[in-house]
Amino acid sequence: MIDILKAIAAKIDEEKDYLTELDNEIADGDHGVNMAKGFDAVVAKLDAMAGKDIGSILKTTGMTLVSTVGGSAGPLYGTAFMKAGAKLAGKNEMDGKDLVDALEAAIGGIQMRGKATTGEKTMLDALCPAFDALKEGIEAGEDLKDALAKAVKAAEDGVEYTKTIKATKGRASYIGDRSIGHQDPGATSAFYMLETLLANI
Amino acid sequence: MIDILKAIAAKIDEEKDYLTELDNEIADGDHGVNMAKGFDAVVAKLDAMAGKDIGSILKTTGMTLVSTVGGSAGPLYGTAFMKAGAKLAGKNEMDGKDLVDALEAAIGGIQMRGKATTGEKTMLDALCPAFDALKEGIEAGEDLKDALAKAVKAAEDGVEYTKTIKATKGRASYIGDRSIGHQDPGATSAFYMLETLLANI
Amino acid sequence: MKKLINEVVNVEEEMILGLVKSAPDKLRKLDCGTVVVRANKKEGKVALVSGGGSGHEPAHGGYVGEGMLDGAVAGAVFTSPTPDQIYEAIKAVATDKGVLCIVKNYTGDIMNFEMAIDMAKDEGIKADYVVVNDDVAVKDSLYTTGRRGVAGTVLVHKIAGALAEKGASLEEVKAVAEKVIANVRTMGMAITACTMPAAGKPGFELADNEMEIGIGIHGEPGTSREALKPANAIAEELLNKITDDIDFVGKEVAVIVNGMGGTPLMELYIVNNFVHDYLDKKGIKIYDTMVGNYMTSIEMAGFSITLLRLDDELKSLYNAKADTPALKR
Amino acid sequence: MKKLINEVVNVEEEMILGLVKSAPDKLRKLDCGTVVVRANKKEGKVALVSGGGSGHEPAHGGYVGEGMLDGAVAGAVFTSPTPDQIYEAIKAVATDKGVLCIVKNYTGDIMNFEMAIDMAKDEGIKADYVVVNDDVAVKDSLYTTGRRGVAGTVLVHKIAGALAEKGASLEEVKAVAEKVIANVRTMGMAITACTMPAAGKPGFELADNEMEIGIGIHGEPGTSREALKPANAIAEELLNKITDDIDFVGKEVAVIVNGMGGTPLMELYIVNNFVHDYLDKKGIKIYDTMVGNYMTSIEMAGFSITLLRLDDELKSLYNAKADTPALKR
Ligand SMILES: Nc1ncnc2c1ncn2[C@@H]1O[C@H](COP(=O)(O)OP(=O)(O)O)[C@@H](O)[C@H]1O
Ligand SMILES: Nc1ncnc2c1ncn2[C@@H]1O[C@H](COP(=O)(O)OP(=O)(O)O)[C@@H](O)[C@H]1O
Ligand SMILES: [Mg+2]
Ligand SMILES: [Mg+2]
Ligand SMILES: [Mg+2]
Ligand SMILES: [Mg+2]
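Protein chains in written order, with our numbering: chain R, 3 to 203; chain V, 3 to 203; chain Z, 503 to 831; chain H, 503 to 831.
Since the hints were derived computationally from the structure, they do not count as laboratory data.
Incorrect hints may have been included.
Unchecked claim - Chain Z stretches covered by chain R per the calculated footprint, using a threshold of three residues with CB under 8 Å from any CB of chain R:
#, segment
1, 566 to 580
2, 605 to 611
3, 692 to 704
4, 737 to 748
As the list claims (entries may be wrong) - One side of the interface only, derived from the structure: several residues of chain R facing chain Z at Cβ under 7 Å:
#, residue
5, Asp30
6, Asp32
7, Asn36
8, Ala50
9, Ala52
10, Lys54
11, Thr62
12, Gly72
13, Gly73
14, Pro77
15, Ile167
16, Gly172
17, Tyr176
To be verified - Computed list of chain Z residues with no C-beta within reach of chain H, every gap over 12 Å:
#, residue
18, Lys505
19, Ala594
20, Lys599
21, Asp620
22, Gly626
23, Glu673
24, Glu680
25, Ala684
26, Ala733
27, Gly752
28, Val757
29, Met762
30, Arg811
31, Tyr820
32, Ala822
Backbone N, C-alpha and C fix where the C-beta goes; we use that ideal spot for every residue, glycine too.
Same shape as in the complex, but just chain R (with noise of 0.2 Å):
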């Protein structure tokens, strides 16, 4: 779960000026950098926590989020990696199934916070779409794997999604139909963070 985490934080730092830009177009031109700022705390934690539980790892990870991200993104996610780490409290591995109650901890986090729904145009239209196909993958039997590229592919097409619809939720949606035609932020942050996951489990 460290390295995966190091290689989220690795990827979002990459990604920092176009996730930036991107909130630039429709809202206040802050997630990327206040999120590789949130990651690059988590990073310095993360050594001194080798050898704990999955679900510590989590939890640590969402706090550092809470208090070092700010704004939207920071509540968001940091509630997100807490409940997900609340999930997976004293394991050691992570099987599909763990990966599916995470995610949906992790997403009822996020829904509890921000009170939004998908179709909102936020980080939620990646990441539902993303839970729906992971669970359906891992029920129908697949391995972690093959699920988890379906799931990562549907949030791909979310964050597509985003750019057709009107953003009704955080900034983004004061300039009203002028948001329409950009990507969100948000959403591409969390597919960023699924792909990764793939790539490193």
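Following the hints, complete the assembly by docking chains V, Z and H with the ligands onto the known chain R.
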């Protein structure tokens, strides 16, 4: 005299942007606008002055410039016209000697107010050489137009000369050596007045 | 990006240090971060805490002091502060009478403040919050996260601050804050974008003859892009929208003509000249006017107009003494 | 040119109207032009009049009021006002105790004020003037018209205004104004030019990595163009020049970190953070700090730093009550 002043007003108005541009390069970019505003006000008073003596007309011109131009050019040109008017009080015609006297009084007024001398990159660098040339011509018995033509040439050279020197008076002095290479707006407007006088006398 | 700063990462910290050094008798910075509190904590009153992203200076740190806020939390530029920083501010200013947080209506701000308030309550601190949403620009606010909180927030600080200073209870202070929120409306525009230091380039590009109408205070584009027109016509457009939203006719109002940070005062006065003529004509009585940079978007050029309907209670609190770096009365 | 104005020719008039409408209880505009006087004339005190071109808002009209000026005359943008306007201001505020004009050191300003004062004296009004020249940027000031008057002028208004309010004589008020002038020094810089409305385009062009050092307040270029550097290094350069000019070590000073009109407050606070560290290190004691837009060049982005050496007399006058639109104490 009324026609001459109207012609001067028209010339200043025509060169308004150029004078402003010159002032912008080395100082605060208001010379053309302010001079044009002043001469507009003068023109508005001229018709009512029909039949008055040259002295009164010039005095009114000076007072109008003082109360509408502002900045340095207002008191300087205003005083110049008032002093010239005082010199020509009661006259309805102006001969060569009168013009010499009037210009001498005008320059005296400028020097009294502005405490500058030639070589400081001001209107005096056009006016003083013009006065010298005019006086020399008139004293040598040349007719007014010939002598004034030489004065206009001297003023033009004076304007050229201002490009080669550093300003030590007025706002342009604050930028020190950086004023070298630029033409003085006040010398330029003084040259236009003399040139227009020659063309309309 | 052309800015008078040092390292981008230090902008918020140095800014807060510079603010506190400008008024060391009034302000103190907490060691834990970019949090400003009164130099001398006052007991026996409800403590007011506000905050949000940096970039809105003098908001919010400039409004800490007698008669207004007790603490202010500055996040990264245009980014709501994190719950732990807000929690530290609440802890530092909390009194027996409780703490009221004044939060501008943004998803991030509300989530972070709510988490901090939960943490404070867990520690036995009496804490509550109000949400300011004065911006009438957003069209179908029912289908968004609602209206944004913008310059009207300063009047919430002022009036709730005055009542808190008098020793009123948390419930009373919250009620008067909500009364201000119910009666205050704002709309803004911009002729230039601003540049977030971390982004390094402007949030949007405008041609020389274009403007954005209905902007917020976070450098985002407005609700529409229009051809630039004379100041009076722009002000009229904003005032029409504001006075259509709630009824101001026959009422007494406080007016803010607020600069977005890069607008010269000359232009704000020109706008104010029209605002007064417009309100006079509409039969809206002007009780008082504030013209200046009260809630900004870094160096954005533009302005917003705020109107607050006043009654006798609000008038007396509006007039009460305030002694803060950015607002004295 | 992108500005929030109506017709260029009306800028000054609308600006003054907007200023007066923002504080109708304090200010009154004379019908004869862009002249602002106190709404309620105070007899029995020396009347203070200042003025200059427009474009320096809030100077000078914003400093009219109790404890500061009695009248302010606004010329066209960056153009000293005409003698007749100044004369009207003097006449409107004159008392038996006389009138002191506070003039910034520019050829035009001095000539116009001198002519106005002559006119006033002819009418039997006791009138005198002082010339402020606090700008240390100009190199060989012996070979120019001397140093310019810039942001330090506000401190002359404040301190001479406080003494005049107490009922001191014209000679006493003039003496204290000259004491401030002898002890105040300023230097400024810019990262962008400003645009005179009538000129329609910026006074100069700067590349993204360039700045002008040693600017005045009239949109003119500075004494040198340099590569842009961090805010701290710029502030250090200005402070070195200021503290080289007269000796501040061991003295108590009032500080102004002044924005040129388009500078965000965020950046002024960042500069102030360094200014304090610098002065501390040099053994210069900071008595008080003002951070904000006090003497501007329309929408220019940049700042100036002003230091005033204080003694007990100046401190008590600096602290005295002031109640004007732009400065309250
Ligand atoms: N209510 C919400 N629920 C879920 N996701 C949201 C919500 N509001 C915003 N987001 C997501 O947050 C992203 C913006 O994050 P960020 O830029 O860090 O925060 P902010 O909008 O406060 O600047 C958006 O792109 C969107 O995906
Ligand atoms: N002391 C002086 N004596 C004579 N002419 C001067 C003096 N100072 C300035 N000038 C002239 O005035 C011109 C500038 O006029 P203007 O732009 O109207 O005034 P300001 O400098 O006040 O903006 C200069 O170009 C110069 O020719
Ligand atoms: Mg954002
Ligand atoms: Mg000029
Ligand atoms: Mg943000
Ligand atoms: Mg001028």
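To see whether the hints hold, each was checked on the structure:
1. 566 to 580: The restraint on the segment 566 to 580 of chain Z holds, since 4 of its residues have a Cβ under 8 Å from chain R and three suffice.
2. 605 to 611: Contact hint for the segment 605 to 611 of chain Z vs chain R: holds, 3 residues under 8 Å.
3. 692 to 704: holds (count 4)
4. 737 to 748: violated (count 0)
5. Asp30: Since chain Z brings a Cβ to about 4 Å from aspartate 30 of chain R, closer than 7 Å, the hint holds.
6. Asp32: Check passed: Cβ of aspartate 32 of chain R comes within 5 Å of chain Z, closer than 7 Å.
7. Asn36: holds (6 Å)
8. Ala50: violated (19 Å)
9. Ala52: Status violated, d = 25 Å.
10. Lys54: violated (22 Å)
11. Thr62: violated (14 Å)
12. Gly72: holds (4 Å)
13. Gly73: With a minimum Cβ separation of about 4 Å from chain Z (threshold 7 Å), the hint on glycine 73 of chain R holds.
14. Pro77: holds (4 Å)
15. Ile167: Violated, about 12 Å.
16. Gly172: holds (5 Å)
17. Tyr176: holds (5 Å)
18. Lys505: Non-interface label on lysine 505 of chain Z violated, nearest chain H Cβ at 6 Å vs cutoff 12 Å.
19. Ala594: holds (21 Å)
20. Lys599: Holds, since 29 Å exceeds 12 Å.
21. Asp620: The assertion about aspartate 620 of chain Z holds, with a minimum of 31 Å to chain H.
22. Gly626: Nearest chain H Cβ is 35 Å from glycine 626 of chain Z, so the label holds.
23. Glu673: holds (33 Å)
24. Glu680: Glutamate 680 of chain Z clear of chain H: closest Cβ-Cβ about 28 Å, beyond 12 Å.
25. Ala684: holds (26 Å)
26. Ala733: Label violated. Min Cβ-Cβ 4 Å, cutoff 12 Å.
27. Gly752: holds (20 Å)
28. Val757: violated (9 Å)
29. Met762: Methionine 762 of chain Z not clear of chain H: closest Cβ-Cβ about 9 Å, inside 12 Å.
30. Arg811: For arginine 811 of chain Z, whose nearest Cβ neighbour in chain H is about 19 Å away, the distance exceeds 12 Å, so it holds.
31. Tyr820: Nearest chain H Cβ is 14 Å from tyrosine 820 of chain Z, so the label holds.
32. Ala822: Holds: least Cβ distance 15 Å, greater than 12 Å.
The structure does not agree with the numbered hints 4, 8, 9, 10, 11, 15, 18, 26, 28, 29 stated previously, though it agrees with the rest.
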